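Turn these sequences into a full structure, and let the hints guide you.
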Amino acid sequence: MSASTPFALLANSGSLPWAEVPAWPVADFIRACSTELGRGARLCSLFGVAEGEATQLVAVLAFDADSTLAVGRSTPMVGSFPSLTPNHPQAHLFEREVWEQHGLTPVGHPWLKPVRRTAGNAPANGEFFRVAGGEIHEVAVGPVHAGIIEPGHFRFQCAGEEVLHLEIALGYQHRGIEEALGGGPYRTTLMQMETVAGDSSIAHATAYVTLLEALAGSEAPLRAQWLRAIALELERLANHTGDLGALANDVAFLPTSSTCGKLRGDFLNLTALLCGNRFGRGLIRPGGSRHDLEPARAEEMLEKLLPALTDTAQAIAWLWDSSSVRSRFEGVGRVFAAQAAEIGLVGPAARACGLVRDVRYDHPAGWHRFAQSPVTVWPGGDVFARARVRSLEIQRSGEFLAGQLICPPEGELRDDLADPEPDTLAVALVEGWRGEVCHVALTDNAGRFRRYKITDPSFHNWSGLALALRGTAISDFPICNKSFNLSYCGFDL
Amino acid sequence: MNSILDLILRLDCWLLLAPLLPGIINKVKAWVAGRRGPPVLQLYYDLARLWKKGVVMSTLASPAFVILPAVTWVALLSAAMLMPLGPLGAGLTFRGDALLWLYLLALGRFCTAWAAMETGSAFEGMGTVREVSYAVLAEAALIAAVLTLSVQSGSISWVTMLGPPMGAGAALLAAGLFIVLLSENCRVPFDDPNTHLELTMIHEAMVLDHSGPPLAAILHGASMKLLLFTVLLVQAVLPMSQLKPLAAGAVLACGVLGVTVAVGLVESLLARFAFRRVPLLLTTAFLLCLFALLVAWKGGLA
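Just so you know, the protein sequences line up as chains L and H, in that order. Sequential numbering from 1 applies to the first sequence in the numbering used here. Sequential numbering from 1 applies to the second sequence in the numbering used here.
Keep in mind that the hints were calculated from the coordinates and are not lab data. Mixed in with the good hints, there may be bad ones.
[Said to hold, decoys possible] Using C-beta positions, here's what the derived DEER-type ranges look like: (1) LEU287/H x ALA124/L: 29 to 37 Å; (2) HIS145/L x LYS244/H: 52 to 60 Å; (3) HIS145/L x PRO39/H: 46 to 54 Å; (4) VAL132/H x GLY182/L: 55 to 63 Å; (5) VAL356/L x ARG36/H: 44 to 52 Å; (6) TRP320/L x LYS52/H: 43 to 51 Å; (7) THR59/H x VAL356/L: 49 to 57 Å; (8) LEU41/H x GLU178/L: 48 to 56 Å; (9) VAL132/H x TRP320/L: 34 to 42 Å.
Just so you know, these numbers come straight off a predicted model, no measurement behind them. Beta carbons: idealized from backbone N, C-alpha and C, even for Gly.
Have a look at this one:
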């Protein structure tokens with residue numbers, strides 16, 4: 001399919017000169033995007049690049065079946081453009097973001113309101129969608145929640161216990177990360193990247209350093225790529241285990257809940273064994289890795305990993321063996337495969353709807369070109385399916401690690417990195433534990449960042465949570481929410 | 001003089017022992033999960049702490065917000081006075097005290113629900129709706145259980161009703177009353193006393209806005225209610241009237257402990273039910289008590 005596209009093609013973690021990205025007048029650009037999305041492409045990112053007073057729209061599309069990415073842009077424009085959203089709902093948040101950041105109006109957008117713009121001390125949430133009727137009641141939850149979690153506001157329209165509609169308003173954690181990157185990279189940039197979403201430090205840091213390497217026209221040594229892949233899977237193990245424990249906790253199933261909390265710590269400690277930090281901060285460096293995994297420590301890691309995996313398998317088996325748990329998970333918070341494709345879900349949430357969508361498989365880069373694990377797919381789209389995908393990914397990440405730790409590649413740990421090429425665009429996709437992390441960088445004529453766009457998987461998936469709640473009992477919101485476990489700060493940037 | 005001493009002892013027994021039960025349940029849960037868990041006396045510490053704290057009042061709430069928890073507490077304590085304690089008998093007994101007992105429990109629930117509506121919070125309204133919906137079914141089961149005891153003893157006074165040992169219906173009644181106990185005291189699988197998620201709460205959502213001494217009254221009242229149902233379950237099922245007073249007291253104490261541990265085990269091993277399945281379980285409890293009633297009634301004729 002990608003062979004016939006007018007867009008410029010590149011592979012994951014590749015770069016191309018800005019001049020080679022085809023530019024169309026905005027109406028033609030939107031039509032071209034619509035055509036490609038209509039025949040199976042997926043919208044990874046859509047953003048504006050300021051050009052004096054005007055703005056150029058840039059779209060990054062993914063042809064998953066062809067392992068190819070496609071980039072196109074509009075000529076500089078002001079005012080308005082025809083909205084993609086009515087035909088391709090996966091564009092809806094991107095268009096709201098463009099409207100908010102660049103003042104361009106997507107004409108025909110059905111629900112144009114701020115994404116994370118602040119008014120005073122809180123986000124400008126705008127009007128919420130309301131269902132009318134005497135039987136309807138509205139429940140507002142957040143931004144301050146009962147647990148120690150991030151802030152976000154949820155507005156439910158309910159008829160009794162049944163949720164008719166959920167609208168999610170975020171932006172409370174907006175820190176201005178993208179704005180801070182203009183003119184970069186700076187010395188602090190890597191630290192900021194590791195905290196875009198703190199539980200996905202490895203994924204975001206890998207995407208960032210991969211971009212720097214692509215912009216410099218080089219690649220990290222294989223040994224560093226291997227270490228990054230190991231750290232990424234450890235991150236996945238820790239988070240999936242923690243989330244399954246949290247799911248068990250939310251249905252008051254104590255055996256799994258109390259065990260998984262401890263096991264998550266075991267996996268985090270393995271990351272600490274690798275680099276001294278439980279979240280993997282400080283491991284990844286542009287051009288390579290800061291820490292090595294000597295044979296002795298690799299052996300120690302394997303020795304600790306295997307019992308932790310066995311214990312995790314047991315804790316999860318209790319979950320599946322308990323009929324009271326299965327009856328809580330099955331059929332709750334369903335997202336249909338067609339809906340998932342339409343709103344562009346990514347990561348385990350998409351794979352739990354039966355979509356085969358995994359960057360490690362579709363767009364392999366780095367070490368994943370040499371070592372792969374099977375894509376985990378489960379049909380159903382309910383809480384059960386999402387929990388199931390998580391548990392299968394724990395198995396497969398465990399097998400991947402066990403296989404990789406015994407045969408490390410030889411070689412250097414780090415190369416010196418050249419400065420970024422001027423006027424170049426690079427794209428990096430990384431499959432974090434939550435899904436596709438997409439970073440796009442465009443350099444100016446001095447080789448500094450002109451625009452840096454981060455798309456966390458949460459940006460795609462929050463709409464999925466809202467859809468999952470339709471027709472579900474409001475008391476099931478916590479388990480639906482936990483089964484997605486999306487990032488607030490990754491969305492708010 | 002003797003009756004005053006008896007009353008004081010009896011009050012001490014209910015007031016001081018009740019907070020022990022939640023502590024035992026939590027200890028059992030911690031033990032099953034392999035944790036150390038909070039001290040058994042944790043609720044006593046909590047009550048002491050809450051007693052020293054001030055009350056935060058919503059500007060929307062009327063004084064009823066503070067008064068109603070006290071009314072609930074008094075209603076529950078009065079119900080406890082009507083309940084016989086093995087060889088000790090009841091603090092107060094008259095013909096029809098079992099009926100008053102049922103109404104006192106209903107009064108307690110009514111006052112808690114009213115207090116919950118005082119602040120106008122969406123969560124508390126939601127919790128109240130759930131609480132009273134499930135109470136309708138739980139009360140039906142409880143009334144059927146009381147009728148069973150009444151029919152087989154030919155009395156409507158607790159002291160005689162709990163006297164004769166149950167026949168074949170004992171097992172049915174035990175199962176039915178145990179489910180009612182779990183439901184009325186907001187335990188798993190009906191409610192999750194440990195959850196912090198307002199959207200899934202039933203009882204906890206109703207008392208979210210209470211603080212200080214009224215909250216202490218609510219928590220203490222809840223523990224008394226748990227003890228009340230445990231004592232009822234044990235006495236309705238175990239034949240104790242033929243035993244010597246000391247032995248009967250020991251059986252009662254062991255029975256209460258056993259039921260408490262059973263509640264802890266249920267909470268450790270079972271996930272909580274979805275709300276839509278709760279009515280099914282409560283109807284089951286009602287049917288169990290109803291069949292116990294049939295056994296008591298027809299068994300008496302044969």
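Checking each numbered hint in turn, tell me which of them this model violates, lowest number first. Those not satisfied are hints 1, 3.
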